[in-house]
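Participant: With the first letter of the sequence shown counted as 1, position 47 gets the number 47 in the numbering used here; the numbers rise by one all the way through.
Please note that a few of the clues may not be correct.
Claimed, not checked - Computed list of lysine to aspartate or glutamate pairs in DMTMM-like fashion (alpha-carbon distance at most 25 Å, straight line): (1) K61 with D48; (2) K59 with D76; (3) K59 with E87; (4) K59 with E13; (5) K82 with D48; (6) K61 with E77; (7) K61 with E51.
Don't read these hints as lab results, they were simulated from the structure.
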Amino acid sequence: GGEPPAAPEDFSEASLDACLASLDARLGRIHTRLPGNTLLMVVTGAGDTAECRRLTELKYKREARVNGLPPWSVADEEMAAKVSERELRGLCFCAVKHEAAADGAS
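Please construct the entire structure, taking both the sequences and the accompanying hints into account.
Facilitator: Shown next, in the form of structure tokens:
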């Protein structure tokens, strides 16, 4: 046989809090080990970019009237813009670890 079925994902607030605490601890360990004057950047990925590509391809086909598809409408464009805005959004967090003072204070 194959692999056992995956356990259902836990999206509870307690599970989210535990995940965030674990992430915070890991980032803290990374930051602690960095040399002074180092920039630490954490960048999130984007959402479902495949959906954006699918809509772009559909727009091209409909504008070219491939296979008799109906033309791309203003409503289609508005919907595609909303999807793109939602799916292409990401976040970037930055922190500079300053040089430690000569007396050991930070």
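Participant: I'd like to know which numbered hints this structure contradicts. Please list them from smallest to largest.
Facilitator: 4
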